[in-house]
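Student: From just these sequences and the hints, can you work out the full model?
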Amino acid sequence: MKLFEYRGKELFDKYGISVPKGNLVTGEKDFSKLKFPVVVKAQVPIGGRGKAGGIKKAKDLKEAKEKLNQIMGMDIKGYKVGKVLAEETANIKNEYYLSITLDRSKRMPLIMASSEGGMDIESVPDDKIYKSWVNPLIGIQAYNIRSILSKLGLDKEESKQFAQVLTKIYKLFREYDCELVEINPLITTKEGTVMAIDSKVNINDDAMYRHQDIIPEHVELTALEKDAKDKGIAFIQLDGNIGVIANGAGLTMATLDALTHFKGEGGVFLDLGGTDDPEKVKQAFTLMKKAKPKVIFLNLFGGITKCDTVASGVKAVITEEGIDCPVVTRIKGMRETEAKEILKDAGLITATTLQDAAKRSSDLAGGK
Amino acid sequence: MSIFVDNSSKVLVQGATGHQGVFHIGEMLGFGTKVVAGVTPGKAGQEVHKVPIFNNVQDGVDATGANTSLVLVPARFAKDAVFEALEAGIKTVVTITENIPFHDAMEFVHYAKYKDAVLIGPNCPGIASPGKSKVGILPGSIFKEGDVGVASRSGTLTYEIVNALSEKGIGQSTCVGLGGDPIIGTTFIDSLTAFEKDKETKAIVLVGEIGGTAEEDAAEYIMENISKPVFAFIAGRTAPPGKRMGHAGAIIARGKGTADSKVKAFEKANVEVAKFPTDIADLIEESL
Chain A
6 MKLFEYRGKE
16 LFDKYGISVP
26 KGNLVTGEKD
36 FSKLKFPVVV
46 KAQVPIGGRG
56 KAGGIKKAKD
66 LKEAKEKLNQ
76 IMGMDIKGYK
86 VGKVLAEETA
96 NIKNEYYLSI
106 TLDRSKRMPL
116 IMASSEGGMD
126 IESVPDDKIY
136 KSWVNPLIGI
146 QAYNIRSILS
156 KLGLDKEESK
166 QFAQVLTKIY
176 KLFREYDCEL
186 VEINPLITTK
196 EGTVMAIDSK
206 VNINDDAMYR
216 HQDIIPEHVE
226 LTALEKDAKD
236 KGIAFIQLDG
246 NIGVIANGAG
256 LTMATLDALT
266 HFKGEGGVFL
276 DLGGTDDPEK
286 VKQAFTLMKK
296 AKPKVIFLNL
306 FGGITKCDTV
316 ASGVKAVITE
326 EGIDCPVVTR
336 IKGMRETEAK
346 EILKDAGLIT
356 ATTLQDAAKR
366 SSDLAGGK
Chain B
38 MSIFVDNSSK
48 VLVQGATGHQ
58 GVFHIGEMLG
68 FGTKVVAGVT
78 PGKAGQEVHK
88 VPIFNNVQDG
98 VDATGANTSL
108 VLVPARFAKD
118 AVFEALEAGI
128 KTVVTITENI
138 PFHDAMEFVH
148 YAKYKDAVLI
158 GPNCPGIASP
168 GKSKVGILPG
178 SIFKEGDVGV
188 ASRSGTLTYE
198 IVNALSEKGI
208 GQSTCVGLGG
218 DPIIGTTFID
228 SLTAFEKDKE
238 TKAIVLVGEI
248 GGTAEEDAAE
258 YIMENISKPV
268 FAFIAGRTAP
278 PGKRMGHAGA
288 IIARGKGTAD
298 SKVKAFEKAN
308 VEVAKFPTDI
318 ADLIEESL
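Residue numbers (the working numbering), protein chains in the order written: chain A, 6 to 373; chain B, 38 to 325.
These are computed hints drawn from the structure, not numbers from a lab. Honestly, I wouldn't trust all of these hints.
Stated by the list, open to error - Simulated pairs of lysine-lysine, DSS-like, Cα-Cα distance not exceeding 27 Å:
hint, chain 1, residue 1, chain 2, residue 2
1, A, K111, A, K133
2, B, K280, A, K285
3, A, K111, B, K301
4, A, K133, A, K98
5, B, K293, A, K133
6, B, K280, A, K297
7, B, K305, A, K88
8, A, K136, B, K312
9, A, K176, B, K150
10, A, K195, A, K98
11, A, K111, B, K47
12, A, K299, B, K312
13, A, K165, A, K19
Computed from a predicted structure; not experimentally measured.
Tutor: Right, here's the structure in full:
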């Protein structure tokens with residue numbers, strides 16, 4: 006889960022990392038505790054909001070109210086701004102970049118720092134990004150910090166504070182199960198302090214259960230997405246008109262690839278995962294019907310999922326509720342013979358190979 | 038021969054008495070796996086398919102000499118289960134559980150390395166050496182004894198490919214499901230190293246997918262270290278960037294991890310890349 010900037014900064018504050026004084030604003034009264042000039046910032050879970058006009062300076066209350074009205078409700082890359090943060094400005098001396106993320110190949114937290122702060126890190130040349138890897142079993146050590154600090158050209162007091170920030174965000178990264186903690190820019194001020202001007206904190210969804218203090222931001226889901234989420238079915242929405250029910254992520258992707266090969270277009274994808282429950286299969290099929298695809302393509306390989314379980318669920322929906330689009334099925338694996346009997350009995354198209362099934366589905370959907 | 042599991046594997050199942058545990062112990066026994074023990078706290082003295090259940094891993098190891106563990110416990114207990122197995126001296130831990138917080142996986146993956154143990158998974162279907170042993174939830178009926186080694190980041194897609202191989206009469210030495218998470222214990226490179234050493238393996242199949250750089254890393258390794266022919270399939274060639282395609286690890290982020298980059302890397306390493314999963318079997322048949 007991507008935290009909004011102000012939530013990330015609440016965590017920074019909790020860990021003792023300096024952030025500008027600020028608060029969420031909805032109207033005039035919310036600026037009363039702040040000293041002008043201020044910065045008014047749209048809260049959206051996506052980068053590039055400055056360029057999109059989501060960050061504006063204001064020298065007095067009148068201007069601040071104007072900027073707030075401009076930003077509140079604006080659309081930034083598909084996100085409607087519902088929360089706005091106002092902060093006092095800082096006397097910036099230098100801007101730096103600092104982050105901790107996961108290095109998948111090394112399977113370790115990776116510290117990245119640069120003296121080219123304030124810009125998109127993707128556009129910073131590799132030789133200007135300083136890296137250090139932390140073995141999760143031993144945690145961050147002084148040598149990690151030294152190797153980063155030696156490159157940044159900070160003075161003694163700044164180095165001391167930078168080291169503290171690094172230690173604290175490592176602690177935050179590990180304790181809150183983060184995928185990413187990024188401060189860009191992390192600044193030194195003319196008064197000699199090190200301060201986080203922005204925050205990006207992403208928490209691993211699988212670990213949310215142990216962070217009850219993090220309240221998920223309200224995200225607008227479509228009715229179908231919400232339905233799928235409530236039922237624990239993985240749901241992927243693409244642009245096409247072929248509804249795919251498959252099991253397993255790899256097979257789901259390979260199915261999409263095969264459809265594309267035959268000029269078909271995948272629409273809603275439901276990944277059943279490993280289920281043994283005919284009721285869940287039934288729910289998935291009902292959900293798919295609501296998405297109104299032109300063709301439904303059921304592509305299944307049974308491992309932990311038993312083919313006949315899925316087939317029974319499908320048959321139940323069709324006999325109870327009927328179906329108004331063609332259904333192409335391709336089923337293989339554990340208890341496949343039983344499953345094929347059930348599906349044939351329900352009057353569905355049974356194909357034997359992925360290619361055959363993908364071609365038939367694409368043809369029935371009219372190709373493109 | 039084979040890699041990671043064989044006739045000498047004595048398997049202990051953690052999470053043995055649940056619905057999946059009972060079902061898969063039966064399936065593994067049917068495959069010929071030596072399932073010697075099960076562990077469920079508080080259920081010592083019970084039996085599942087005549088396999089004795091113990092309260093903890095150490096008791097199971099002491100009584101049966103188990104050297105391999107299959108972890109089927111729910112995600113929030115998985116870290117504890119893997120640490121328990123490693124501390125009890127288990128040398129091969131196969132972790133099926135999905136949705137394990139990756140910080141937990143990061144810890145036990147490094148601890149397994151420290152203990153010189155093989156850790157397969159998490160979020161994987163397990164491993165099978167046909168004719169010898171299966172540790173996991175892969176459907177036993179698709180396998181055939183032979184000399185092709187398979188390593189895959191996917192579950193069902195692997196079954197698809199293995200099934201196509203077997204139908205063509207091409208058997209497998211070992212098929213290892215590496216798992217679909219961003220953090221996994223055994224990688225393509227670990228599998229390639231083991232398959233290269235294994236006298237029985239004559240050809241290697243890698244089943245990759247978008248996200249991360251595991252395939253690119255593997256391709257580079259193949260150029261320097263692998264003499265056996267390698268074939269590959271990459272899932273997600275048409276997946277849109279930024280979309281998480283089911284597996285937490287399968288996402289094209291910041292322009293990295295595209296299928297295109299992986300296919301190119303493999304081609305550079307002389308690895309033939311199949312268009313459809315089942316085409317792998319044809320490619321191998323042609324080359325033999």
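Student: Taking the hints in turn, state whether each one holds.
Tutor: Tested hints:
Only pairs whose Cα atoms come within 27 Å are accepted, and K111 of chain A paired with K133 of chain A is accepted, the gap being roughly 21 Å. Between K280 of chain B and K285 of chain A the CA atoms are separated by roughly 24 Å; this keeps the pair inside 27 Å, and the hint holds. Between K111 of chain A and K301 of chain B the CA atoms are separated by roughly 22 Å; this keeps the pair inside 27 Å, and the hint holds. The straight-line distance between the Cα atoms of K133 of chain A and K98 of chain A is roughly 19 Å, inside the 27 Å bound, and the hint therefore holds.
Distance hint between K293 of chain B and K133 of chain A is fulfilled; the C-alpha atoms sit about 20 Å from each other, no more than 27 Å. About 22 Å separates the Cα atoms of K280 of chain B and K297 of chain A, which keeps this hinted pair within 27 Å; it holds. For the hint pairing K305 of chain B with K88 of chain A, the CA-to-CA distance comes to about 49 Å; that exceeds 27 Å, so the pair is violated. Note on K136 of chain A and K312 of chain B: the hinted pairing is violated, with a Cα-Cα distance of about 38 Å set against a maximum of 27 Å.
Using a Cα cut-off of 27 Å, the hinted pair K176 of chain A and K150 of chain B holds, with the two alpha carbons roughly 23 Å apart. Annotation: proposed proximity of K195 of chain A to K98 of chain A holds, straight-line Cα distance about 5 Å (limit 27 Å). As the CA atoms of K111 of chain A and K47 of chain B are separated by approximately 30 Å, the hinted pair breaks the 27 Å bound. For the proposed pair K299 of chain A and K312 of chain B, the alpha carbon gap of about 26 Å is at most 27 Å, so the pair holds.
A threshold of 27 Å between alpha carbons decides the hint, and for K165 of chain A with K19 of chain A the separation of about 19 Å falls inside it, so the pair holds.
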